[in-house]
Structure formats: structure tokens, C-alpha cells
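Number of protein chains: 2
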Amino acid sequence: MKVRVDSPPPLPAEYDVVIEAGALDDLPRRITASGTADRYAIISPDPVAALHGEPLLVAMRNAGLDAELLAFPDGEICKTRETWAALTDRMLALRFGRDSCVIAVGGGVAGDLAGFVAATYMRGVPVIQVPTTLLAMIDAAVGGKTGVDTDAGKNLVGAFHPPRLVVMDPVVLGTLPDAAFHAGLAEAVKHGAMLDAAYFDWIADRASAILQRDTAELQQLVGRSVELKAGVVAGDPFDRGRRAVLNFGHTVAHALERQAAYALPHGLAVSMGMVVEALAGEALGVTEAGTAGRLVDGLRACGLPTVAPAGDTHELMAAMRIDKKAHRDAVHCALPRRIGEAAQAGRGRWTHEVADAMMMDVLMRASRGLDVV
Amino acid sequence: MKVRVDSPPPLPAEYDVVIEAGALDDLPRRITASGTADRYAIISPDPVAALHGEPLLVAMRNAGLDAELLAFPDGEICKTRETWAALTDRMLALRFGRDSCVIAVGGGVAGDLAGFVAATYMRGVPVIQVPTTLLAMIDAAVGGKTGVDTDAGKNLVGAFHPPRLVVMDPVVLGTLPDAAFHAGLAEAVKHGAMLDAAYFDWIADRASAILQRDTAELQQLVGRSVELKAGVVAGDPFDRGRRAVLNFGHTVAHALERQAAYALPHGLAVSMGMVVEALAGEALGVTEAGTAGRLVDGLRACGLPTVAPAGDTHELMAAMRIDKKAHRDAVHCALPRRIGEAAQAGRGRWTHEVADAMMMDVLMRASRGLDVV
Numbered sequence: 001m002k003v004r005v006d007s008p009p010p011l012p013a014e015y016d017v018v019i020e021a022g023a024l025d026d027l028p029r030r031i032t033a034s035g036t037a038d039r040y041a042i043i044s045p046d047p048v049a050a051l052h053g054e055p056l057l058v059a060m061r062n063a064g065l066d067a068e069l070l071a072f073p074d075g076e077i078c079k080t081r082e083t084w085a086a087l088t089d090r091m092l093a094l095r096f097g098r099d100s101c102v103i104a105v106g107g108g109v110a111g112d113l114a115g116f117v118a119a120t121y122m123r124g125v126p127v128i129q130v131p132t133t134l135l136a137m138i139d140a141a142v143g144g145k146t147g148v149d150t151d152a153g154k155n156l157v158g159a160f161h162p163p164r165l166v167v168m169d170p171v172v173l174g175t176l177p178d179a180a181f182h183a184g185l186a187e188a189v190k191h192g193a194m195l196d197a198a199y200f201d202w203i204a205d206r207a208s209a210i211l212q213r214d215t216a217e218l219q220q221l222v223g224r225s226v227e228l229k230a231g232v233v234a235g236d237p238f239d240r241g242r243r244a245v246l247n248f249g250h251t252v253a254h255a256l257e258r259q260a261a262y263a264l265p266h267g268l269a270v271s272m273g274m275v276v277e278a279l280a281g282e283a284l285g286v287t288e289a290g291t292a293g294r295l296v297d298g299l300r301a302c303g304l305p306t307v308a309p310a311g312d313t314h315e316l317m318a319a320m321r322i323d324k325k326a327h328r329d330a331v332h333c334a335l336p337r338r339i340g341e342a343a344q345a346g347r348g349r350w351t352h353e354v355a356d357a358m359m360m361d362v363l364m365r366a367s368r369g370l371d372v373v
Numbered sequence: 001m002k003v004r005v006d007s008p009p010p011l012p013a014e015y016d017v018v019i020e021a022g023a024l025d026d027l028p029r030r031i032t033a034s035g036t037a038d039r040y041a042i043i044s045p046d047p048v049a050a051l052h053g054e055p056l057l058v059a060m061r062n063a064g065l066d067a068e069l070l071a072f073p074d075g076e077i078c079k080t081r082e083t084w085a086a087l088t089d090r091m092l093a094l095r096f097g098r099d100s101c102v103i104a105v106g107g108g109v110a111g112d113l114a115g116f117v118a119a120t121y122m123r124g125v126p127v128i129q130v131p132t133t134l135l136a137m138i139d140a141a142v143g144g145k146t147g148v149d150t151d152a153g154k155n156l157v158g159a160f161h162p163p164r165l166v167v168m169d170p171v172v173l174g175t176l177p178d179a180a181f182h183a184g185l186a187e188a189v190k191h192g193a194m195l196d197a198a199y200f201d202w203i204a205d206r207a208s209a210i211l212q213r214d215t216a217e218l219q220q221l222v223g224r225s226v227e228l229k230a231g232v233v234a235g236d237p238f239d240r241g242r243r244a245v246l247n248f249g250h251t252v253a254h255a256l257e258r259q260a261a262y263a264l265p266h267g268l269a270v271s272m273g274m275v276v277e278a279l280a281g282e283a284l285g286v287t288e289a290g291t292a293g294r295l296v297d298g299l300r301a302c303g304l305p306t307v308a309p310a311g312d313t314h315e316l317m318a319a320m321r322i323d324k325k326a327h328r329d330a331v332h333c334a335l336p337r338r339i340g341e342a343a344q345a346g347r348g349r350w351t352h353e354v355a356d357a358m359m360m361d362v363l364m365r366a367s368r369g370l371d372v373v
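Here the protein sequences come in this chain order: F and V. Following our numbering, the residues of the first sequence are numbered contiguously, the last one being 373. Following our numbering, the residues of the second sequence are numbered contiguously, the last one being 373.
Calculated from the structure, these hints are not laboratory results. Warning: the hint list may mix true and false statements.
[Stated by the list, open to error] Label-pair distances were calculated between CB atoms; the ranges are: (1) F:Arg338 <-> V:Met1: 52 to 62 angstroms; (2) F:Lys2 <-> V:Val307: 34 to 44 angstroms; (3) V:Met1 <-> F:Asp201: 15 to 25 angstroms; (4) V:Ala33 <-> F:Ala216: 57 to 67 angstroms; (5) F:Glu20 <-> V:Asp89: 55 to 65 angstroms; (6) V:Ala33 <-> F:Met1: 15 to 25 angstroms; (7) V:Arg321 <-> F:Arg61: 22 to 32 angstroms; (8) V:Gly311 <-> F:Arg240: 23 to 33 angstroms; (9) V:Asp89 <-> F:Gly235: 51 to 61 angstroms; (10) V:Gly241 <-> F:Gly290: 31 to 41 angstroms; (11) F:Gly285 <-> V:Arg30: 24 to 34 angstroms; (12) F:Leu51 <-> V:Arg4: 43 to 53 angstroms; (13) V:Asp89 <-> F:Gly241: 37 to 47 angstroms.
Every residue gets a Cβ at the ideal spot worked out from N, C-alpha and C, and that includes glycine.
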């Protein structure tokens, strides 16, 4: 005999991303109005916990909300199953039940880690994402990806766990260190390069105002990137097809990060990775000639690195092959057709196979950096 | 500004449960026909790996499927984050990619553990559940619950990850040890007690034939229990309301198991737990008088224990309070109105608060076992 079991979708089927100056101060009021949960666990890495976590905790308690602050050591090196287990155990020790909600306050590491804690705590409690870095705002916080790293690579363990709500306050970007700010810009340039040529040009044009952290300018930057990413995510929530276009630069970037033992900031790795992959795209004939050069100009206007480190290319190739996007050991990359447009590889496929010899060649060319422009 | 992000449901929205003599032998053909994945990781506890995992591996490879067998040490004691991490790392070392599928072969521990590996492997790969115990067939394998235990309690870490397919072969129950078989029967009695009085009576009536492992009888038992459970799960996939009726007996059972350091089989704990909770229901006036007695008769016909161990009731109460179903420290139980019908507690609520003094009283009465019948 055969029994058919209905397995209806999880809730919520959609969520809001609020992008507003002052949104962080307004969070307790917003939470009170929505009545998300009985108890709140604010999870935040050490420095951010002091800067934004503590004030939020006080504001939430003043608003009559039951909240605790759980800090953890900062850095990609702590985005592990061990930190995830420790945070989970602290929530259990504090007797958080199924009516709890996690609030992730911090950069991409906090969002991924706290999101994975929420995804797996008593089989899933809601998470509110409060990204406080540019990179987290325009990349990590939207799309529901959560997870941790293992020795074998980044984000190899995790879950899709869409947030209940995302709150972005451009004001907090005023205190973001320059290096972290630059890193986020790389992902914005990626959105322009793959999805919207006018946005790509706007970023290059307004780069100096953006770098001066003008709040209105930042709100526009974050808003457009979130719109673009949300559009892609909605069409491919589980990353089985077109969402791969958001991985432009990432096959090489992940390998560079692994080679640098994650000491290289993600955004800088993506910046270099996009140049390498655009060169590969041109060599494949997938990407229009001149695209890599235009990309380099845009990245340079933003103060982003465009020259890949001259490392061991064989080691880099090995690191690339373990990447999730590697199918049966061949390296695959998402590539632009031209600035503003992603190149489809075939029906439902958005990554292009790059032969090892070609990849090693463009890696070496990009590490010289001279013949690019 | 505000951006609305669509977050469509994961696939599949429904799945089949195949209950057939010979279904296990037929699995490679079925998998080949459905083309679920590129590679298969069969995850199975040590003794079951030898008994059912190895033959399945050989059959799959003979059918041209790319499969590996990953065994792990048996027992609830191994249903931990550590075993989950070790299995994940072995899959990573074997270079399983996103196009993989996990096949869980074994009892409830294998299903929960392998299901959680699948739920979190590269943010989720499909799982095919192949339960080989009666308990796993009628309880764990349907409904999508996966997870592991921590020191703080059972199933406190996990995810909802509905299987792609569930395959149950009643023939394998022929080699199941008596203790494990009895344990599964307790959950079948629970289905009858909460959902279907005719089924409750059928089990009591056919108990001796069922205990002799007649294949046709077993197919009927498993089939009806799966139908009943699937109906409840479909109406409440994320366990926020009526699915709680499946927890009848479990608030007390989990505490008994924790007190016994998980040396007490789950099904036996559930059998005792149902008697204790039915007594509590009668004391509350929620459950019709005589229900506990009728329940004891049915359980005895199946050779199941109905007398609770005379342990430290204060310790048991503390163990109950950490249970996921405890709201704000009050102990809650799902209860029958009468045999065959669950008692609703209020709009959307299916668990009833049991005061500590009352719970301690019925625990002591059930440990004497005399005044029950």
C-alpha cells in the first residue's frame, strides 16, 4: 500500500526588509507591535554586542520585552559547529522554549551563525536579522541562508531559514571600519555587474560620496542591492538555478579565502575573484571583451583590490574543487554576459565550466594585474 | 524604505510512504526510476548496517547507482551533535556534493540522525527514510522531524526536513528483537487511544497474531498507524497545534527516559507515560473515568508495561519541566477525552496543564499499579 503525506510549507512565506535611519532604535516598538515571540535571544559577536547589542537589550527590557544578550567571540574562525553548539547550550541553560525568537545583531558571521542556531533550536524558532555591516546588509541578511564553516570549507553545514524580519539601519554604517565598509561595496558592485548596469554606473559615479558614508546615499545603495538580491532569491529560494548568478566571483573568492586561512576579508576576496572570473568569461567567449576592464575601473573607483595574490595556483585549484559549486570535480563559475547582465549557461543552468588550464592562466594573469586594463 | 521578500516553500510539498512486503529489495529500482540524486549516502547504525545496509549497498551498486555506506555506533546515546558532525565530515571527505541524497536505514535514531545530517548538509539534501523497526515505521519516519539529543534533553536540536520518500518493508520486522517490537506497539496503541477507537480495539483483539509477526497483520498495523499519523501531520506540519495529540504519554515518557539516562526504551516509557497521563486526565476531569483502565487492558494485551518505576518524583518533575512542551515551567500533557478521541484544551491548544501536586500524585499511584484497574 501507499500513503501520500502532505507536507505544507513553513511559515512565513514572505518577510519585510526595513531600511531606515533610526530603524535600530525603533526595533523594540516594532517587535512589540508584531508580537513575534515570548522571549528574545540577542546573539551578537563581542565588539558589536557592546556597541549595538547592549543598547538594544536595555531598550527591549524597557519596552517590557523578555530578552537576553548572548555574546560570542568575533570572526569567521568562530563560525563553527562548536560556537553554534555553545550558543544553543546557553539558550537551553537559560530555558528558552519554542516560543523564543533569535535576534542576530552583527555582520555576516553573526547572521549565519545565529540564523543556524535559530534554524535548529528545538527544530526551528524565528530569527530577526539585524545586520550591522554593509556586507551583511546587502548580501547575507536577505535570502535565508544560514550556516557554519568546517575544516573542509565555508558554509558546508547549514540550513535555509528565512528571517521573520530584517532591519537595516544605515546610521550604524557610520562607525564601520574602512576595511569592512570596502568589503561590502564589492558585493554591491557585483549586483550591478550581474543585474543592473545603471546601478553599476551609479556606484562608480557616486563612489566618493558613498565612501564618505552619507546616510541618504547609503540608504539608496543598500536599498537597491536588497531589491536586486530579493528579486533573484524569490525566483530561486533554494539556490538550484538562477540564484547562482549571485556567486559571480565567489568560486575564486572562496578558494582565496581558504588559502589565506580566512584571514582575507570576504569582500576583498570577491573583488579579486570577480576580476579573475570575468577574465575567464572573456577567455571562454561567454563574457563580452572589455567587461573585465570595465569591472576593474568600477572596483578601483570604490577603492577595491583588483590584483589577485600570486599564490600557489595548484593549491588554489584544489581549494576550488571542494567548493559546493564544483560539480564532479570541474570548476564552475557564474559569469556576466556584459556589465549588468548574467550569462545563462543552458536551460536552468547559470554556471559555466572553466577548464583547469584556463583557470590557472587567468589566475596568473590577474596576479600580474597589468594586462587587465 | 521597505522591501518585501518572497520566500516560497521548499520542495517536496508531499511524499509517498510505501508499505509493502519486499519494498526494501525493490528500493534500487524505485530510486533509479525517480532519479532522485547523483550520489547516495546510506547511513545506518552498526548492526543494521550489516543486516540491511550492506545488501542495499550491493543492490544499489549493481543497479548502477553511486552509493556509499556510512555506519555509526548504535543507540540513543549516539544521537548527538558529535555523531552528526562525524557523519557530515565523512560525507565531506567522500566529496558528496549538493546533488546527493541520504538514505536512512534503521530505527528512530538512524532516521532522526541521518535526517538531520541531510537537513544541514550543504543547507539541505533530500533524505529517503527506510525505517527498519516498528517504532520508526509508525512514529519517527513520517512527519519530517529530525534531530539529536543534548545533555539538556531529547531532540532539542534539529530541523523539520520532510523525506523525499519513505519505504517500509514489514518483512524486516520478522528479525526485530522482541523488546524493540513491543516498544513500537506502544505507539500504535497511542494512535488508537487518541485517534481511532476501532483501531485501538483491533490492536487489542489481534495482539497475539501481531506479536507472532504475521506479515499481513503487520502491514495492516503499520498502514493504519501511518495513515492516522499522516492525517495529523498534514494538518499541523510544524507541530504548533493539533500535532501535540501525538505527544500523549510523552511528557512523562521523556522524563522517565532522562531519569534512566536513556537506558529505558522509548516505547516502554511511552506505555508507562500514557497510563500516568491518562490518570492525570481523569483527575483533571478532562478524560472520561475508566479510560486509564481500558488503556491498561489494551497495553497489557500487547505485553506492554503499565506500572511506572517508583523513582524520585521530584527529580522526575524537574526533568519534565525542561521538556519542549513545558510552557513557562508548568507541565503540559496531551490527553484523550476518551479512547479514540483527543481532548482539546482550547482554541488551537491540545495540551492540558497538570499541576505539580497532581502529577506527583498520579506518578505515585501509577508506580503502585494497583488502583489503576
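Structure-based check of all given hints:
no.	hint	verdict
1	F:Arg338 <-> V:Met1: 52 to 62 angstroms	violated (29 angstroms)
2	F:Lys2 <-> V:Val307: 34 to 44 angstroms	holds (39 angstroms)
3	V:Met1 <-> F:Asp201: 15 to 25 angstroms	holds (21 angstroms)
4	V:Ala33 <-> F:Ala216: 57 to 67 angstroms	holds (58 angstroms)
5	F:Glu20 <-> V:Asp89: 55 to 65 angstroms	violated (43 angstroms)
6	V:Ala33 <-> F:Met1: 15 to 25 angstroms	holds (18 angstroms)
7	V:Arg321 <-> F:Arg61: 22 to 32 angstroms	holds (24 angstroms)
8	V:Gly311 <-> F:Arg240: 23 to 33 angstroms	violated (51 angstroms)
9	V:Asp89 <-> F:Gly235: 51 to 61 angstroms	violated (33 angstroms)
10	V:Gly241 <-> F:Gly290: 31 to 41 angstroms	violated (59 angstroms)
11	F:Gly285 <-> V:Arg30: 24 to 34 angstroms	violated (43 angstroms)
12	F:Leu51 <-> V:Arg4: 43 to 53 angstroms	violated (29 angstroms)
13	V:Asp89 <-> F:Gly241: 37 to 47 angstroms	violated (29 angstroms)
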